[in-house]
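Q: Chain residues, written in single-letter form:
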Amino acid sequence: MKKETKILDNLKRKKSLKKYCALALAVIGTVAAAAGCSGSAAGEDDNTLVIFNYGDYIERETIQMFEEETGIEVKYEEYITPEDMYTKYQSGGINYDLICTSDYMIERMIRDGEAQVIDTSQMEYMDNMDQKYMDFCKAFDPENQYAIPYFFGTVGILYNEKMVDEEVDSWSVLWNEKYKNQIIMENSVRDAFIVPLKWKGHSINTTDRQALLEAQSLLMEQKPLLAAYLVDETKDAMISGDAALSVIYSGDAVVAIEENEDLTYVVPKEGTNIWFDCWMIPKTARHKEAAEKFIDFMNRPDVAMMNFDYIWYGTPNKAVYEELDEESQQDPTVFPDDETMSKCEVYRYLGEEMDSFYSRLWKELKAY
Amino acid sequence: MNRKILASPYIVWALGFIILPLLMIVYYGLTDGSGTFTLENVLAIADSVHYKAFGNSLLLALGSTVICLVIAYPLAYVLSQHEGKISNTIIMLFILPMWINFLLRVLAMQMLLSNTGIVNALLGFFGLPQQHIMYTKGAILIGMVYDYLPFMILPIYNVMSKIDKDVIEAAHDLGATVFVTFKKIIIPLSLPGVISGVTMVFIPSMSEFVVADILGGSKILLLGNVIEQEFNLSNNWNLGSGLSLVLMIFILISMAVMNRSNAEEGDTMLW
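Residue numbers (my numbering), protein chains in the order written: chain A, 1 to 368; chain B, 369 to 639.
Once the Cα atoms are required to be at most 30 Å apart in a straight line, the calculated BS3-like pairs of lysine-lysine come out as:
#, chain 1, residue 1, chain 2, residue 2
1, A, K162, A, K180
2, A, K223, B, K420
3, B, K505, A, K180
Simulated restraints on C-beta separations:
#, chain 1, residue 1, chain 2, residue 2, range
4, B, P465, A, P301, 54 to 64 Å
5, A, E59, B, L407, 57 to 67 Å
6, B, G495, A, K162, 21 to 31 Å
7, A, T264, B, I486, 19 to 29 Å
Note that these hints are calculated values from the structure, not bench results. Glycine included, each C-beta is placed from N, C-alpha and C at the ideal position.
Input sequences plus hints: build the corresponding full structure.
A: Have a look at this one:
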């Protein structure tokens, strides 16, 4: 694993549930797609489109619709983590035309010169993209040239209404002694540090060592109150009522709330991390126009709605958002309000030196 | 010569998966990022974070070893005295969990010990107070004892059941009480089994990190966790290897000490 992803690769877990559930499917899909592609000599055929996406991350019917409407044959392949994707991409066995992956991986691929500028001039539905989300994407794609957002999500607090009797709207609740042994924190460095950083009004991408040390001492102060540091097990603990409050990814929160109606997800008013999965066209693409057509098709209101219904993560598509009933529009699990959003930030890669500083702080916290 | 060829599959295996990785650990542990020789990674054990983690590991390893021994020794003794269907069944019960993957057993422990888990449900049923066991050092200890107990029972039982009954009868004939027989005959003769059991429990406990993560909620940092973090998260293979070397040296020394006390009794090791 290359160094630049060593901390960020924890982030790949954020949509873990869907990914893990889809593991079997993805493996089968990969084998099938690999077999399919080898037959056609890595897509020499002009009328095909080779797509690489996270497992179980699209409504399959939309692919059929695309094939029927355009006559382009889609070869669809799935992966589990961005690192898996990049390794396979770099091995060069298949020339992918279109990849859907996460913010930090896109930043890395742009830096590595593996991304192509997407021509949006021919796209009919580009206007459906909400500018506020496009602005967020500028964090990793400064000119909005290389990536078109597909879904987004946040990191926030999931709490059990029966166990927490006050309004939860701030990260500060995670320091309330009343909930001793009932709080679960994220067990990954940067996700844990966003809590004190945001609470005290710092950027999650701060390189100010004083601010990070202050954040660390807050986390140390919090440690005796914690039940545990967890990642994937958090939602299980919340569903079974083992804990009252937890820091969790919005994707996991949606699943937990479905299982236990006492649970509520909030993005604290101080803001948080927001992540984006986007479509991007890699350098190896042989069917760039078809890829652009597909992106545009994904942005078409009816198609985007089908995918939203299937995945239920935040959609950057205005047309879809406007179609939703008021309750869904105001569901803070999926769509944080504008004021909160204005305080949300996308993770940036901070460099090797900051990475080791973060690791040091994390180790000291764990040993505390 | 011909017979030596039979060992070649193992030799290839050992070269590839034991000797080579070991040499790599020594190399990484004694160099820095640019490949120059340094003792820094080994001396890093003196860092407060690291020696605290080492202390936690040592404490839990000693704890689980002692608990395993206290449970295993009397049981092995009783079983070796009464051979028959019941003792075979009991031995079977101890071996049975070993057929199940170790990680699954730890995850099952999680179900038992959590706040809303089976243990607390049973306590609640009988009107007893709820226990907060999950994510504490106690939970780690229970998990470790559960996982390693068979490794303590089996060697002790093996040695004890091989003690010649005539030796014990002779002791009785010569007027030794049950207690004296136990002290002068059973304990010394079962010592190789005890040492082998202690080694097989103590060594894996010392480098434990998965149980600490799952049952300890990642709140308690063991040396195994530090090493894991250096390899996976910080990508500092040199420091991870250096600390692994420290752990290996410590284990070697403690084994040497145990071997020595055993050698004085004039017995050979089982493992």
